[in-house]
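Between the sequences and the hints, there should be enough to build the whole structure, so can you do that?
There are 2 protein chains.
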Amino acid sequence: MIIGGVAAGMSAAARLRRLDGNAHITVIERSGNISFANCGLPYHVGGVIEQREALLLQSPQAIKARFDIDVFVGTEATAINREAHTVTVREVSTGATRELPYDKLVLAPGASPVHPPLPGIERALGLRNVEDVDAIVAAVPAARSAVVIGGGFIGVEMAENLVHRGLQVSLVEATAQVMAPLDPEMVAPVHAILRENGVDLRLGVAVTSIGEGEVTLADGSTLPGDLVIAAIGVKPESGLAKEAGLELNERGGIVVDETFHTSDPDVFAVGDAVVKRDALDGSATLVPLAQTANLQGRRVADVIAGRDVQDRPVLGTAIVGIFGLQVASTGWNEKRLVVAGRKHRIIHTHPAQHAGYYPGAQQMALKLLVDAETDEILGAQGVGPDGVDKRIDVIATAMTGGLAASDLAELELAYAPQFGSAKDPVNMLGFVAENLATGLSRNIQWHELAAAQEAGATLLDVRTPDEYEAGRIPGAVLLPVDELRDRIDELPEGELVVHCAVGIRAHIAAQILAAAGRPGVRNLDGGYKTWIAGTGQ
Amino acid sequence: MIIGGVAAGMSAAARLRRLDGNAHITVIERSGNISFANCGLPYHVGGVIEQREALLLQSPQAIKARFDIDVFVGTEATAINREAHTVTVREVSTGATRELPYDKLVLAPGASPVHPPLPGIERALGLRNVEDVDAIVAAVPAARSAVVIGGGFIGVEMAENLVHRGLQVSLVEATAQVMAPLDPEMVAPVHAILRENGVDLRLGVAVTSIGEGEVTLADGSTLPGDLVIAAIGVKPESGLAKEAGLELNERGGIVVDETFHTSDPDVFAVGDAVVKRDALDGSATLVPLAQTANLQGRRVADVIAGRDVQDRPVLGTAIVGIFGLQVASTGWNEKRLVVAGRKHRIIHTHPAQHAGYYPGAQQMALKLLVDAETDEILGAQGVGPDGVDKRIDVIATAMTGGLAASDLAELELAYAPQFGSAKDPVNMLGFVAENLATGLSRNIQWHELAAAQEAGATLLDVRTPDEYEAGRIPGAVLLPVDELRDRIDELPEGELVVHCAVGIRAHIAAQILAAAGRPGVRNLDGGYKTWIAGTGQ
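These protein sequences, in sequence, are chains A and B. Counting along the first sequence from 1, when you hit position 423 you're at 423 in UniProt numbering, and nothing is skipped either side. Counting along the second sequence from 1, when you hit position 304 you're at 304 in UniProt numbering, and nothing is skipped either side.
Derived by calculation from the structure, the hints in this document are not laboratory data. This one's a predicted model, so the numbers in the text were calculated from it and none came from an experiment. Among these hints, one or two may not hold up.
Beta-carbon label-pair distances, calculated as ranges [what the hints assert, rightly or not]:
#	chain 1	residue 1	chain 2	residue 2	range
1	B	T374	A	A284	31 to 41 Å
2	B	E243	A	H447	25 to 35 Å
3	B	A138	A	P492	54 to 64 Å
4	A	D70	B	D281	43 to 53 Å
5	B	A305	A	E483	49 to 59 Å
6	A	T374	B	K64	33 to 43 Å
7	A	A470	B	D281	27 to 37 Å
8	A	A284	B	R307	35 to 45 Å
9	B	R518	A	D70	17 to 27 Å
10	B	A470	A	D70	31 to 41 Å
A partial selection of chain B residues facing chain A, derived with a Cβ cut-off under 8 Å [to be verified]:
#	residue
11	A7
12	G47
13	I49
14	A65
15	A290
16	V314
17	L315
18	A352
19	P359
20	G402
21	P417
22	Q418
23	R485
24	I488
A few chain A residues that don't get close to chain B, going by computed Cβ distances all over 12 Å [what the hints assert, rightly or not]:
#	residue
25	D20
26	G32
27	A84
28	Y102
29	I121
30	A176
31	K235
32	A305
33	H350
34	N435
35	E493
Ideal Cβ placement from N, Cα and C applies to all residues, glycine included.
Encoded structure:
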């Protein structure tokens, strides 16, 4: 028996049938639908996915015909009776209960939206299943304004899709930034594109109450909100497991071993509700991602069928599209590395998605995080209009394959001018990583610059006079890279930091300075672009 | 001194300057330009890259200012005087010669178009540098028709771009298919899209002579050819190296060791002219790809500067766009594995580039080649309108990272509905690979089917009656997967092969049959789609 009929649950059921033609397989699903496209729900709100039917990938009837699996929708599991090896289920529409027996039980209950105890929270709509999207779609025509609470994946997707529907949309995020997987300097273009598209973005302020047609914030301001969406986050739906006495961790995740066994040998658990292991340090983590849920569903079926498989630790690769901007990440970010005290190197680049000489080249921002001692890749982030998905996927694959950051230099990626560059953005990250690892280059981060200047370092801006005039970093001295060889004598004694727009010319400048007897000059990583994004100047 | 000022040569020069601020660096380039966008040349012919200036990424003046490198364009190296450590150079415009000294010499001469000794071959234009593209651009306005000889990367790109210019274009390829890196069943959509766009594609027939305004083929037919492009292939431009007594291999490639030394310790060679090592078997190979040339240029500079680097063997990842179709490959193809006698498994899939429920989903064809004993990934091919580049890059990265085919199942790739699927096409390849590796599934290839049927196997078509009526494989018996459980008794004794449209329903059917006491049923790999593509029915 499988409780939960979406990503992890249905993957488990279908795989188990393929592995065991004779098992009696039952799926219990509380909502009215199974295998629905949960990652597509916001796009149906926005009308991007026009037909509601497109969200419904399978029906119980089709599953029965193809897989001989009994699916009960609109049916809630209310108790696991471990001794008796039964589950008590309740038909949602009638309230009728009955007991169903199991030999092996798989829990795939997923995660539910967090609804904090705010005054008026009952007015907020969550977004988890097709019924939720139906409620939002029904409410949109009468609404002129919406407030989305929470700037995570679902929050930004809902904000975009409600803008598509013509609503005046506010997005409230209690922390200083949306999209927590990104570091602050990487998220700047995300904030910008939300505002450019008319979203009233309120950062660093919490919602204090939800009234009729308006939402009040902690700073006393109010936002018009005929419609209020709670997208604050999700928590493991582990109440049933808890009541059954199964082990949970302190964040409410169901604890499982590497073969998905809970603390009961006949009860397995998979998907968003379970505690996973982090790929970098093995720590416990809750990663509510669809692909992980699907894979775990497949794997638990393998385990039950007696195949020799194990769960793997997770990187947490994720992506979201925001008004045409691709925002993706894998592994750890700088914030987390700092908290963990792990020594790291950081690389920012701003490459185009394909050859600059081919029409349509557009710049993206990439960030790579590297272990300072081992050159291990620890994480990556990317933001840009095109080609970010590919680079993050390549880096995630390199991490899984155990490639070092310097090895990215050597990757043979498919190049033609409309698809990449002879030196692909991923190769370029590898070049920089190798230069840092071998001591050829040194860099300094945007948030370290002010302290270096205060300590007496001179900042050289090696861009052109026009670029300098258009915008510069306080204290920067202009000295274009192509004049540097002839003007070395003008430079002051002491520490030097060089910068250009993105870091390439400054790298050349640093090497010119090294050859002229000024070794160890630091390059402002990511150049003026990253500094602007980070400082918000 | 560096001979050759394009990809490998200029990469070497610029990197060497960054590593050694004081070296005297000279670049000799026969054509009139350095660092030009050679992969963009066909697109300037077609007007996609409108401005000729966009092809010229650097000038000698700019290189001098930024890197203090002396560049001589329009200057041909005519002899290497190894004893004297000089190179004789000739100014192309005046014929004046002089000798330039070197301590270390880097040969980066590239590869030149093959012009076979056909009657009239002097009328054919090649495409290697900016002067060549100028000649073609000058000839286009007076031409109404063009014949492109050769169906490799440059041939198909030129065919497309000449169509863009309104010419009646024929493409003649002496072998049975264009794009030799692809296996025949994978190239079918490429042939189709060329023809759909008006290209008169002539396969399996050679050109016998090039006349005034027409080209004659071996089958006696003639093609209108006001303009004739020779894109038959390239050969290493190793004449200078040969005359200097440096070691070449039997195909004319300059032989180098893992640190790019030729047989003379003071002479290095990099790029399209040198012999490389194959990543799968270490054999000698000539891979004229821009990214490899660029990387080798960087690496030889590292070697000369005393850094501890080595050349790496090459996978040969490549891509081309053909009328909006992405065609990419990495590693070995089936043809080569068969010739080498390497035991392999083959997987064909037809996934969409992103979630099917999100608008714009379009099917691609993927092929994965796997070592039958070790599960090592040996190669991959992809053809489709979108997302092929990403999947081939991910697989190439997995190969470099030493991941097995089954490991592709576990890759965490960035998923949102507009970018991929919860079970990404790469994951799906891994699922199939794992099923084959563990013996859960067996498959049979399109070219093995007829022999299996002749040997008595029954072919079950488990699609719907409508699909069966629309087109079927000779001898196939219709039995829809959803009726299979109830109709097992109807099946004949003996070997069974199952197929559906792409292989997914047939996989389920095979598992149903196994559970019903018919184990070992083979699934026609890639289904009806791959069979049609391969047999050309």
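So, going through the hints one by one against the coordinates:
1. Separation of B/T374 from A/A284 is about 34 Å and conforms to the stated range, judged on CB atoms against 31 to 41 Å.
2. Checked against the hint of 25 to 35 Å, the pair B/E243 and A/H447 fails, with Cβ atoms roughly 58 Å apart.
3. Checking the proposed 54 to 64 Å range against B/A138 and A/P492 shows it holds: the Cβ atoms sit about 55 Å from each other.
4. A hinted range of 43 to 53 Å holds for the C-beta pair A/D70 and B/D281, which are about 52 Å apart.
5. At roughly 25 Å, the beta-carbon separation of B/A305 and A/E483 lies outside the given 49 to 59 Å, and the hint is violated.
6. Look at A/T374 against B/K64: about 40 Å separates their beta carbons, and that is inside 33 to 43 Å.
7. A beta carbon spacing of about 54 Å between A/A470 and B/D281 contradicts the range 27 to 37 Å that was offered as a hint.
8. A hinted range of 35 to 45 Å holds for the C-beta pair A/A284 and B/R307, which are about 42 Å apart.
9. The hinted range of 17 to 27 Å is satisfied by B/R518 and A/D70, whose Cβ atoms lie roughly 24 Å apart.
10. One distance hint, 31 to 41 Å for the beta-carbon pair B/A470 and A/D70, holds here, with the actual separation near 33 Å.
11. The beta carbon of B/A7 is positioned within 8 Å of a beta carbon in chain A (closest approach about 6 Å), and the interface hint is therefore held.
12. Contact between B/G47 and chain A, as hinted, is not supported at the beta carbon level, the nearest pair being about 10 Å apart and thus beyond 8 Å.
13. For B/I49, the shortest C-beta to C-beta distance to chain A is roughly 6 Å, which falls under 8 Å, so the interface hint holds.
14. For B/A65, the interface hint holds, the least distance from its beta-carbon to any beta-carbon of chain A being 4 Å, beneath 8 Å.
15. Taken as an interface hint, B/A290 checks out: its beta carbon lies about 4 Å from the nearest beta carbon of chain A, inside 8 Å.
16. Using the Cβ-Cβ criterion of 8 Å, the hint placing B/V314 at the interface with chain A is satisfied: the shortest such distance is roughly 7 Å.
17. The beta carbon of B/L315 comes within 5 Å of a beta carbon in chain A, closer than 8 Å, and the hint placing it at the interface holds.
18. Contact between B/A352 and chain A, as hinted, is not supported at the beta carbon level, the nearest pair being about 13 Å apart and thus beyond 8 Å.
19. The criterion of a C-beta within 8 Å of any C-beta in chain A is met by B/P359, whose closest approach is roughly 6 Å, and the hint holds.
20. A least Cβ separation of about 6 Å between B/G402 and chain A falls short of the 8 Å threshold, and the interface hint therefore holds.
21. The criterion of a C-beta within 8 Å of any C-beta in chain A is met by B/P417, whose closest approach is roughly 5 Å, and the hint holds.
22. Here the hint on B/Q418 is kept, as its CB sits about 5 Å from the closest CB of chain A, short of 8 Å.
23. For B/R485, the suggested interface contact is upheld, since its CB lies about 6 Å from the closest CB of chain A, less than 8 Å.
24. Taken as an interface hint, B/I488 does not check out: its beta carbon lies about 11 Å from the nearest beta carbon of chain A, beyond 8 Å.
25. A/D20, annotated as away from the interface, has a beta carbon of chain B within 12 Å; the closest lies near 7 Å.
26. The Cβ of A/G32 lies farther than 12 Å from every Cβ of chain B, with a closest approach of about 18 Å, so its non-interface assignment holds.
27. Listed as a non-interface residue, A/A84 keeps its Cβ farther than 12 Å from every Cβ of chain B; the least gap is roughly 29 Å.
28. With a closest Cβ-Cβ approach of about 20 Å to chain B, A/Y102 is found to remain outside the 12 Å limit, as its non-interface label requires.
29. Distance check on A/I121: its Cβ is at least 28 Å (rounded) from any Cβ of chain B, clearing the 12 Å threshold; non-interface status holds.
30. At roughly 24 Å from the closest C-beta of chain B, the C-beta of A/A176 stays outside 12 Å, upholding its exclusion from the interface.
31. Remark: the non-interface label on A/K235 is consistent with the geometry, its nearest Cβ contact in chain B lying 21 Å away (cut-off 12 Å).
32. At roughly 10 Å, the least C-beta separation between A/A305 and chain B is not larger than 12 Å, which violates its mark as non-interface.
33. Its beta-carbon lying about 18 Å from the closest one in chain B, A/H350 satisfies the requirement of being farther than 12 Å from that chain.
34. Residue-level check failed: A/N435 sits 9 Å from the nearest beta carbon of chain B, not beyond 12 Å.
35. Even its closest Cβ contact with chain B, about 20 Å, leaves A/E493 beyond 12 Å, as expected for a residue assigned away from the interface.
Comparing the model with each earlier hint shows violations of hints 2, 5, 7, 12, 18, 24, 25, 32, 34; every other hint is respected.
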